[in-house]
Amino acid sequence: MFSFRRARGALRVQSAAKKIVVTTLRERVRSGALTRGTFLNLGSPLAAEVCALSGFDWLLVDLEHGAGGEEALVGQLLAGATHGVSVLVRVESAERIRVGHALDLGADGVMFPRLETPEEVSEAVTHLWYPPRGDRGVASYNRARQFGGDPRDAATVNDSLLGVVQIESLRALQNVERIAATPGVDVLFVGPGDLSTALGVPGQFDSPEFVTALDHVVEAARHANVVAGILTGDANRVDALNEQGFLFVAVGSDSALLRAAARA
1 MFSFRRARGA LRVQSAAKKI VVTTLRERVR SGALTRGTFL NLGSPLAAEV CALSGFDWLL
61 VDLEHGAGGE EALVGQLLAG ATHGVSVLVR VESAERIRVG HALDLGADGV MFPRLETPEE
121 VSEAVTHLWY PPRGDRGVAS YNRARQFGGD PRDAATVNDS LLGVVQIESL RALQNVERIA
181 ATPGVDVLFV GPGDLSTALG VPGQFDSPEF VTALDHVVEA ARHANVVAGI LTGDANRVDA
241 LNEQGFLFVA VGSDSALLRA AARA
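According to my numbering, the sequence shown is numbered sequentially starting from 1.
In case anyone wonders, no lab produced these hints; they're calculated from the structure. There may be inaccurate statements among the hints.
Between beta-carbon pairs, the in silico distance windows are [to be verified]:
1. L46 - D150: 26 to 32 Å
2. A235 - E70: 27 to 33 Å
3. D239 - R152: 35 to 41 Å
4. S140 - Q244: 38 to 44 Å
Backbone N, C-alpha and C define an ideal beta-carbon position, used for all residues, glycine too.
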């Protein structure tokens with residue numbers, strides 16, 4: 001007889017004879033598998049649950065631009081956990097307290113916006129990890145650690161968390177090789193709106209300048225053995241982006257998908 005138990009970022013299938021553990025999102029990403037997700041912009045646990053039931057590999061709560069704040073985070077994390085879908089958080093800033101709070105509430109990883117140098121990235125990803133590797137506050141009574149019941153050691157927890165760094169400025173693009181090589185970076189994620197604007201071709205995603213920049217990011221990721229990611233508003237572009245080298249692809253957001261469906 002089998003029993004099913006949801007764990008953070010994984011569905012564990014257990015029997016008396018053996019245990020089969022489906023890999024965490026970080027392991028899937030690092031293996032080079034194509035994963036697709038969407039941004040959660042509405043701050044709604046119900047919208048998060050709809051997205052979790054729709055076949056995405058991961059969801060990303062957007063605390064930088066989204067409508068909901070940290071007070072709405074737990075409900076969205078619970079919605080993903082209920083259906084075995086990993087939930088990441090784009091933090092408002094790379095401050096230690098912001099990163100640590102998202103992790104303690106149960107985020108499976110963090111997306112860092114507006115970082116431009118390897119020094120900034122190195123400091124930011126340090127907040128993902130418990131000491132001695134990082135400076136995350138050590139507390140075992142939070143949701144992420146099963147309110148004191150999590151048997152994992154600090155190193156195992158550290159290794160389970162996905163680090164996503166956005167490339168969305170000219171300076172970040174200039175430093176992309178060194179950013180990609182920074183320990184703790186798993187994904188280089190292009191913010192197409194910001195990056196195209198920085199390149200002087202806002203919204204022109206087929207322009208030579210923008211396409212060249214994307215190739216630069218993909219090559220930097222490959223050289224550092226990390227993954228390139230990007231946001232697209234068009235689900236029909238996922239295959240083309242995959243062919244271009246993007247393996248971590250966000251397709252719109254809960255609000256954008258709802259608006260498109262409503263207009264249709």
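Fill in: C-beta pair A235, E70: status relative to the range 27 to 33 Å that was hinted
holds, 29 Å
Fill in: Hint check for Q244 and S140 - Cβ pair distance inside 38 to 44 Å
holds, 43 Å
Worksheet item: Lying within 35 to 41 Å: is that true of the beta-carbon distance D239 to R152?
Response: holds, 37 Å
Worksheet item: Is the distance from the Cβ of L46 to the Cβ of D150 consistent with 26 to 32 Å?
Response: holds, 28 Å
In summary, the structure agrees with every hint in the numbered list given earlier.
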